[in-house]
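Line by line, the protein sequences are chains A and B. If you read the first sequence in the numbering used here, its first letter stands for residue 1, the second for the next number, and so on. If you read the second sequence in the numbering used here, its first letter stands for residue 1, the second for the next number, and so on.
Heads up, a few of these hints could be off.
No copy labels: a pair is met if it fits in one copy or bridges any two.
Stated by the list, open to error - Below are the PhoX-like pairs computed for lysine-lysine, each with C-alpha atoms no more than 25 Å apart in a straight line:
{"hint": "1", "residue 1": "LYS270", "residue 2": "LYS146"}
{"hint": "2", "residue 1": "LYS299", "residue 2": "LYS196"}
{"hint": "3", "residue 1": "LYS309", "residue 2": "LYS151"}
{"hint": "4", "residue 1": "LYS309", "residue 2": "LYS228"}
{"hint": "5", "residue 1": "LYS270", "residue 2": "LYS228"}
{"hint": "6", "residue 1": "LYS210", "residue 2": "LYS309"}
{"hint": "7", "residue 1": "LYS146", "residue 2": "LYS228"}
{"hint": "8", "residue 1": "LYS270", "residue 2": "LYS195"}
{"hint": "9", "residue 1": "LYS121", "residue 2": "LYS343"}
{"hint": "10", "residue 1": "LYS343", "residue 2": "LYS34"}
{"hint": "11", "residue 1": "LYS146", "residue 2": "LYS309"}
If you're looking for bench data, these hints aren't it; they were derived computationally from the structure.
There are 2 protein chains.
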Amino acid sequence: MTQKGFNVAVVGATGAVGQQMLKTLEERNFPIAKLSLLASSRSAGRSVEYKGEEVVIQEATPDAFEGVDIALFSAGGSISKELAPEAVKRGAVVIDNTSAYRMDENVPLVVPEVNEGDIAKHQGIIANPNCSTIQMVVALKPLQEKYGLNKVIVSTYQAVSGAGAKAIQELRTQSQAILDGEEFTPEILPCAGDKKHYQIAFNAVPQIDKFQDNGYTFEEMKMINETKKIMHMPSLAVAATCVRLPVETGHSESVYVELGEDVSSVHEIKELLSASAGITLQDDPDHQVYPMPAYCVGKNDVFVGRVRKDLDRENGFHMWIVSDNLLKGAAWNSVQIAESLIKLGLLN
Amino acid sequence: MTQKGFNVAVVGATGAVGQQMLKTLEERNFPIAKLSLLASSRSAGRSVEYKGEEVVIQEATPDAFEGVDIALFSAGGSISKELAPEAVKRGAVVIDNTSAYRMDENVPLVVPEVNEGDIAKHQGIIANPNCSTIQMVVALKPLQEKYGLNKVIVSTYQAVSGAGAKAIQELRTQSQAILDGEEFTPEILPCAGDKKHYQIAFNAVPQIDKFQDNGYTFEEMKMINETKKIMHMPSLAVAATCVRLPVETGHSESVYVELGEDVSSVHEIKELLSASAGITLQDDPDHQVYPMPAYCVGKNDVFVGRVRKDLDRENGFHMWIVSDNLLKGAAWNSVQIAESLIKLGLLN
Numbered sequence: 001m002t003q004k005g006f007n008v009a010v011v012g013a014t015g016a017v018g019q020q021m022l023k024t025l026e027e028r029n030f031p032i033a034k035l036s037l038l039a040s041s042r043s044a045g046r047s048v049e050y051k052g053e054e055v056v057i058q059e060a061t062p063d064a065f066e067g068v069d070i071a072l073f074s075a076g077g078s079i080s081k082e083l084a085p086e087a088v089k090r091g092a093v094v095i096d097n098t099s100a101y102r103m104d105e106n107v108p109l110v111v112p113e114v115n116e117g118d119i120a121k122h123q124g125i126i127a128n129p130n131c132s133t134i135q136m137v138v139a140l141k142p143l144q145e146k147y148g149l150n151k152v153i154v155s156t157y158q159a160v161s162g163a164g165a166k167a168i169q170e171l172r173t174q175s176q177a178i179l180d181g182e183e184f185t186p187e188i189l190p191c192a193g194d195k196k197h198y199q200i201a202f203n204a205v206p207q208i209d210k211f212q213d214n215g216y217t218f219e220e221m222k223m224i225n226e227t228k229k230i231m232h233m234p235s236l237a238v239a240a241t242c243v244r245l246p247v248e249t250g251h252s253e254s255v256y257v258e259l260g261e262d263v264s265s266v267h268e269i270k271e272l273l274s275a276s277a278g279i280t281l282q283d284d285p286d287h288q289v290y291p292m293p294a295y296c297v298g299k300n301d302v303f304v305g306r307v308r309k310d311l312d313r314e315n316g317f318h319m320w321i322v323s324d325n326l327l328k329g330a331a332w333n334s335v336q337i338a339e340s341l342i343k344l345g346l347l348n
Numbered sequence: 001m002t003q004k005g006f007n008v009a010v011v012g013a014t015g016a017v018g019q020q021m022l023k024t025l026e027e028r029n030f031p032i033a034k035l036s037l038l039a040s041s042r043s044a045g046r047s048v049e050y051k052g053e054e055v056v057i058q059e060a061t062p063d064a065f066e067g068v069d070i071a072l073f074s075a076g077g078s079i080s081k082e083l084a085p086e087a088v089k090r091g092a093v094v095i096d097n098t099s100a101y102r103m104d105e106n107v108p109l110v111v112p113e114v115n116e117g118d119i120a121k122h123q124g125i126i127a128n129p130n131c132s133t134i135q136m137v138v139a140l141k142p143l144q145e146k147y148g149l150n151k152v153i154v155s156t157y158q159a160v161s162g163a164g165a166k167a168i169q170e171l172r173t174q175s176q177a178i179l180d181g182e183e184f185t186p187e188i189l190p191c192a193g194d195k196k197h198y199q200i201a202f203n204a205v206p207q208i209d210k211f212q213d214n215g216y217t218f219e220e221m222k223m224i225n226e227t228k229k230i231m232h233m234p235s236l237a238v239a240a241t242c243v244r245l246p247v248e249t250g251h252s253e254s255v256y257v258e259l260g261e262d263v264s265s266v267h268e269i270k271e272l273l274s275a276s277a278g279i280t281l282q283d284d285p286d287h288q289v290y291p292m293p294a295y296c297v298g299k300n301d302v303f304v305g306r307v308r309k310d311l312d313r314e315n316g317f318h319m320w321i322v323s324d325n326l327l328k329g330a331a332w333n334s335v336q337i338a339e340s341l342i343k344l345g346l347l348n
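With the hints as extra help, turn the sequences into a complete structure.
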């Protein structure tokens, strides 16, 4: 580290998340001494603007990590598997935004509002959780701390940008074709690597990522397993149904929770959420105030609304959680982890 | 009744549901001696095609129901309140597709696959349930009969056609404006009669109908109360979160159920659903087979898929239920009730 800041590498700088990563570093005025933008050989040589200056993209090779203090990875799981250990070997701390290391017991899986302390246990790699998990645990944490938490059932309403830039383009092109009454062939969604592709425009597709043998998708199992790990609650009952929607950016979640104790007043819960880090409460039914994906884009917070008591269980509550999946769900949470590393004095 | 059939009146023949009602009567070759199409004075004089013949729309007045055997109402709650008693007074049986009489204890609320027997108790009016309720109870009924049912938690993914023809137009116009990068002003959704209107295209809006004082919307309370009434389970625990999506037609529902007894095999549940009236099972994760709204339009059945066991509770199951909200959710269920009336010998 120099007086001026840290040497930061962004791997996958040209992708949907990578672009938000650069924007976030810029907005946060992150203390950068030297910025390296790394990508596949295909993108190497192109340049990208950062704080008004053109930065040329280099090929992501092991040696490109020489002298790097912090490496932010968001170029897909296989790139992380290959290059994150090389970066660590050269002294970098890796913050990985793929699913490659999330369930590795030697890798902390971190949402700073929830388990910032876990960062100290890192052995070179810190994993950034799945987008749909992050926004949910931010809202669950204050409830768990104050009342305890027994059960979570979530149904998601997820945006296509979680599937990358090509999925955004597919939604747009297909929407236009349908409005024009023209033919189209689905090619990307629900899952680029899977066999069948379905219409996403004006549709709702109950598949995100591939299916596991137990009938759940990998996305659903990520939400279930990552939530338990981040919250340090291996026996928390969590169930998830993940659905892709014709929304460009912004994930929404309908969440039912059973708390550890009865809470008589929904007002008390709203006050608690409203005072919690990273949460903006948008909850005023009388004035039709509630969170929506189209209105959360570009904002770092997790928005919570529609908080109400279950009509049958004293300890049951429902809520609606919305956040920008590219920011708190990815880029902002990664940069937050980097800021925590500095704050906790864990970089040297 | 004549040898040739019944005198049938359709009130609200020009609306989104009314149009599907005529199409359904035609497809079912419903035994009609005389068809009266009734609407507001605004639409009177226009004509609509039925089985290749032009039928002139008359104004819906009390006397227009003279000689009518079956009156199918779908012109809004206030019209039903005003004219359904007049139709009954003149000897008609009313099948009402609005919320006007659904919770009236003297009015059976009927989904033929679930409680056809209740039709016999009618005193002139039979109510057709809310669209989102109908498709859910069709899937719940076989489970309840075989295993018992303790708890239901549903999150909906509802199409705009449930809010009428103007909402469909708003979705199309707004989608085009957004694709073109043009300005637009939301005017109809989420709820025509409410104060604020929000973007529906490329968004998800957690409000359907207005809010009640308890923080739930009327749509959510309809699902909760109607489910209990139709299933004759006043103390069933039911919770609902209702969300409007940029989908034209076809409601989807993510449903969690706790059955009355433990069921070891998800296969057994799939077999049961597959063999039940009105249900098409679409559930083969290995081949990415599951129901979706864009592929259910124009079909009468309720489509069920993604059936899987909760990972924490032996008696807990999740499923994904999709149906055409204008057909099983409205027109087809109404015509089915009319067919049941004939089958049960209740018209004379």
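How the hints compare with the structure:
1. LYS270 x LYS146: Cα proximity of LYS270 and LYS146: one copy only (13 Å, versus 40 Å across).
2. LYS299 x LYS196: between (34 Å within a copy, 22 Å between copies)
3. LYS309 x LYS151: both (15 Å within a copy, 15 Å between copies)
4. LYS309 x LYS228: Intra 24 Å, inter 19 Å, cutoff 25 Å: intra and inter.
5. LYS270 x LYS228: Intra 24 Å, inter 29 Å, cutoff 25 Å: intra-copy only.
6. LYS210 x LYS309: between (34 Å within a copy, 18 Å between copies)
7. LYS146 x LYS228: So LYS146 and LYS228 pass the 25 Å test inside one copy only (17 Å; across, 34 Å).
8. LYS270 x LYS195: between (44 Å within a copy, 24 Å between copies)
9. LYS121 x LYS343: within (15 Å within a copy, 71 Å between copies)
10. LYS343 x LYS34: within (19 Å within a copy, 81 Å between copies)
11. LYS146 x LYS309: This pair counts as within: shortest intra-copy Cα distance 17 Å, inter-copy 30 Å.
When the structure is compared with the earlier hints, no violation turns up for any of them.
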